[in-house]
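Asker: Which chain is which? The protein sequence lines are A and B, in order.
Using numbering that gives the first Met the number 0, read the first sequence as starting at 0 and increasing by one per residue.
Using numbering that gives the first Met the number 0, read the second sequence as starting at 0 and increasing by one per residue.
Treat the hints with caution; some may be incorrect.
Stated by the list, open to error - A few chain A positions that, by computed beta-carbon distances, are all more than 10 Å from chain B:
# : residue
1 : 21
2 : 261
3 : 268
Said to hold, decoys possible - Every beta carbon over 10 Å from chain B, so not counted as near; a handful from chain A, in silico:
# : residue
4 : 88
5 : 187
6 : 189
7 : 254
Stated by the list, open to error - Okay, the calculated beta carbon distance ranges per label pair:
#  : chain 1 : residue 1 : chain 2 : residue 2 : range
8  : A       : 66        : B       : 21        : 24 to 34 Å
9  : B       : 196       : A       : 128       : 35 to 45 Å
10 : A       : 185       : B       : 27        : 52 to 62 Å
11 : A       : 79        : B       : 28        : 38 to 48 Å
12 : B       : 31        : A       : 293       : 49 to 59 Å
13 : A       : 154       : B       : 242       : 34 to 44 Å
14 : B       : 18        : A       : 154       : 50 to 60 Å
15 : B       : 263       : A       : 321       : 14 to 24 Å
No lab work stands behind these hints, which were simulated from the structure alone.
By construction, the Cβ of each residue, glycine as well, lies at the ideal position given by its N, Cα and C atoms.
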Amino acid sequence: MTDTPVLSVRNLVVEIPTRRGILRPVDNVSYDIHAGEILGVVGESGAGKSMTGNAVIGLLDRPARITSGEILLSGQPIHNLKGEALRRLRGKKMGMIFQDPLTSLNPLLTVGDQLTETILEHLGVSQQQARERAIAALEEVGIPAARSRIDSYPHEFSGGMRQRVVIALALCAEPDLVIADEPTTALDVSVQAQIVALLKRLCRERGVAVMLVTHDMGVIAEAADRVAVMYAGRLAELGPVREVLTAARHPYTSGLMASTPLASQGHERLRQIPGAMPRLGNLPDGCAFHPRCDYAQDRCRRDPGPTLETCDGRAACWFPLGAERKQEVGA
Amino acid sequence: MSALIKVDHLTRVFDVSKPWLNRVIERLPRALLTAVSDVSFEIEENSVYALVGESGSGKSTIGKIVVGLVPPSEGAVEVEGVDLATETDAARVEAVRADIQMIFQDPYASLNPRWRVRDIIAEPVAAKGGDTRGLAEKLLEQVGLSARDADKYPHEFSGGQRQRICIARALASGPKIIVCDEPTSALDVSVQAQVLNLMSDLREELGLTYLFISHDLTVVHHMADRIGVLYLGRLVEEAPRDRLFDDPKHPYTRMLFDAAPRMDAFGREVDPPKGEIPDAINPPSGCAFHPRCPLAIDRCSRERPEMRRIGDTRVACHVAE
Ligand SMILES: Nc1ncnc2c1ncn2[C@@H]1O[C@H](COP(=O)(O)OP(=O)(O)OP(=O)(O)O)[C@@H](O)[C@H]1O
Ligand SMILES: Nc1ncnc2c1ncn2[C@@H]1O[C@H](COP(=O)(O)OP(=O)(O)OP(=O)(O)O)[C@@H](O)[C@H]1O
Ligand code: SF4
Ligand code: SF4
Ligand SMILES: [Mg+2]
Ligand SMILES: [Mg+2]
């Protein structure tokens with residue numbers, strides 16, 4: 000056991016050149032994920048969650064590209080890798096699970112062929128051993144009668160079963176890091192509960208580091224150890240899940256929590272965050288959240304946008320909530 | 000209190016067979032899918048009735064039957080005492096149709112991108128030769144947008160604003176009832192809150208009645224007065240909101256509540272539900288939930304449970320009490 004995080008993202012910037020200027024869907028993002036830890040990533044549509052995940056696994060669609068910052072996998076830089084080296088690393092050290100299982104599965108190959116192919120490529124085992132491992136992988140993710148279903152095609156499985164197959168595929172080469180981008184968003188509540196329980200179990204038993212992107216705060220609360228809240232390409236808040244969700248320091252996090260209906264609220268009006276997230280080409284000066292923020296002051300509009308580093312490390316906000324209390328305790 | 004909408008033993012069967020020739024060659028039987036099976040409930044005036052259930056449980060089909068977009072196979076829906084599927088008096092049908100409108104999940108797909116917002120909103124009224132002067136502007140302000148937005152096109156708006164435009168259009172004919180099919184499922188939570196608050200305000204201001212369709216239990220809990228739970232096209236339980244959440248009686252309702260992620264359940268270890276939703280073309284015999292039910296007894300696989308009343312809950316289960 001070492002303390003080196005499995006994944007370390009340092010000041011990552013992703014840019015997209017367009018005719019009307021350069022967009023920054025990921026702007027100076029830094030975070031770590033340790034072995035056996037689930038980092039939840041939340042934020043509104045367009046916040047840059049998928050871009051961040053895709054940058055890590057080297058799957059950015061052109062013209063988006065990493066323009067500065069570092070990505071370290073178990074301490075080794077991987078942001079400069081290209082082509083074959085990147086592809087090998089992706090299968091062996093990093094697995095991925097996307098919202099739509101069909102994007103990760105080849106419709107023309109049986110599930111067994113896809114699993115054995117991946118296992119053969121990354122682990123030095125025989126064909127026969129690979130097949131046995133594939134069956135074990137399917138059993139592990141809860142596919143009933145795996146031995147008899149291994150030669151089925153993806154379309155012969157239900158949506159929930161397909162997502163299990165994708166998880167088996169992501170994990171079969173025993174990666175250190177799994178990026179799961181909205182893995183349960185298209186699934187029903189009961190299937191979602193099964194998949195989340197499965198991810199948690201695999202993370203714990205195998206010590207895999209997981210980046211779990213979702214917009215469902217309930218899923219985050221139940222699954223994540225820490226949570227990163229993104230807004231307009233930047234990290235707004237980063238901290239232990241219970242603290243961030245019950246005592247948010249960033250006004251955006253607090254607004255997100257208050258606008259989510261809670262069983263205890265009854266018919267009371269929901270708190271709403273006014274307006275909508277700005278487009279990337281049209282970000283306000285200063286703190287990008289200031290036009291929607293109840294606590295905005297002159298400094299928020301004037302100074303360059305706050306970051307976790309320039310603030311208290313937890314919330315990228317000049318006037319974080321609950322800070323006075325913290326000072327009192329500290330004094 | 001009188002029921003504004005009466006859904007009476009509603010059944011809808013879709014023929015999902017392959018074309019005749021394929022069936023002959025591949026020796027396949029006819030395939031019939033029962034999307035809605037013997038569903039009955041009533042919606043009171045100025046209330047919010049929610050239908051919840053997982054994908055394929057028949058929520059949207061019921062919504063479409065209620066507004067008259069899909070005819071029932073059996074049973075009937077009466078809106079203000081008129082059965083849209085059989086009523087022969089054209090004037091009455093017309094009047095009821097104006098009283099009931101529908102809002103869909105996807106605010107992008109349901110707005111014509113080439114029309115100005117003014118024309119989109121006024122269209123239901125213009126189509127009937129009504130007076131549309133100033134109508135769009137008034138409605139835009141009512142849903143929290145600005146009268147100036149009438150000259151813009153849909154692409155100039157965010158998702159939440161587009162759903163407001165859909166709501167404005169639904170309000171144009173002055174309806175009493177709005178069927179909302181997953182109205183906020185495509186929206187971010189902060190924007191969802193804006194739209195849900197708007198819907199609550201309009202209900203009070205205009206005395207609207209909603210049939211609110213959703214798979215999101217927290218949203219349903221927030222919005223509904225009465226809730227019906229569907230499983231494989233069947234209504235398995237129905238109760239006033241607090242009753243249902245405090246004391247769910249049907250084993251499926253309990254499973255659904257236990258599985259739903261909770262924001263206050265840090266690191267909760269759920270015992271995930273067993274099995275999957277069965278194929279709607281060949282549903283299990285008797286109680287459709289019996290293969291997954293922890294309480295199932297012999298009788299459950301043989302006999303479909305009737306709706307029973309227990310206090311103010313209605314439940315279709317042999318053992319619930
Ligand atoms: N080719 C492109 N040109 C311009 N902007 C782009 C391009 N691709 C993505 N973007 C923008 O990058 C931003 C980040 O997108 P990303 O997909 O990471 O968001 P997200 O947080 O995953 O959102 P969602 O919850 O909708 O999946 C968005 O504002 C998007 O509009
Ligand atoms: N026009 C149609 N032809 C054939 N089958 C249909 C048709 N419309 C719906 N179905 C089937 O009827 C069943 C119920 O569908 P419905 O759309 O009402 O479910 P739902 O509860 O709204 O699901 P979702 O949450 O996915 O929207 C499903 O099995 C569906 O495939
Ligand atoms: S920096 Fe200012 S505008 Fe930004 S979130 Fe904090 S208080 Fe609000
Ligand atoms: S009728 Fe039987 S199988 Fe159906 S829910 Fe009740 S106990 Fe379970
Ligand atoms: Mg995304
Ligand atoms: Mg539907």
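Asker: Is 52 to 62 Å a correct range for the gap between the Cβ atoms of residue 185 of chain A and residue 27 of chain B?
Answerer: 29 Å, violated
Asker: Taking 50 to 60 Å as the hint, is the beta-carbon distance of residue 18 of chain B and residue 154 of chain A inside that range?
Answerer: Taking Cβ atoms as reference, residue 18 of chain B and residue 154 of chain A lie about 19 Å apart, which means the hint is violated.
Asker: Classify the label on residue 189 of chain A as holds or violated, using whether its beta-carbon is more than 10 Å from each beta-carbon of chain B.
Answerer: 4 Å, violated
Asker: So the hint says 38 to 48 Å: do the beta-carbon atoms of residue 79 of chain A and residue 28 of chain B match that?
Answerer: Roughly 60 Å apart at Cβ, these two residues miss the hinted range, so it is violated.
Asker: Would residue 254 of chain A pass as off the interface with chain B, using Cβ distances and a cut of 10 Å?
Answerer: 6 Å, violated
Asker: Confirm or reject the statement that residue 21 of chain A sits farther than 10 Å, beta carbon to beta carbon, from all of chain B.
Answerer: 23 Å, holds
Asker: The output says residue 187 of chain A does not contact chain B. Does that hold with a beta carbon cutoff of 10 Å?
Answerer: Violated, because the least Cβ-Cβ distance between residue 187 of chain A and chain B comes to about 4 Å, which does not exceed 10 Å.
Asker: Is the nearest CB of chain B more than 10 Å from the CB of residue 88 of chain A?
Answerer: Non-interface label stands for residue 88 of chain A: nearest chain B Cβ at 31 Å, farther than 10 Å.
Asker: So does residue 31 of chain B sit 49 to 59 Å from residue 293 of chain A, Cβ to Cβ?
Answerer: 56 Å, holds
Asker: Verify this label for me: residue 261 of chain A is non-interface relative to chain B, using a Cβ-Cβ cutoff of 10 Å.
Answerer: Violated, because the least Cβ-Cβ distance between residue 261 of chain A and chain B comes to about 7 Å, which does not exceed 10 Å.
Asker: Does 24 to 34 Å hold as the CB distance between residue 66 of chain A and residue 21 of chain B, or does it fail?
Answerer: 55 Å, violated
Asker: Please verify that the nearest CB of chain B lies beyond 10 Å from residue 268 of chain A's CB.
Answerer: Non-interface label on residue 268 of chain A violated, nearest chain B Cβ at 5 Å vs cutoff 10 Å.
Going down the numbered hints, you'll see the structure goes against 2, 3, 5, 6, 7, 8, 9, 10, 11 and 14, while the others check out.
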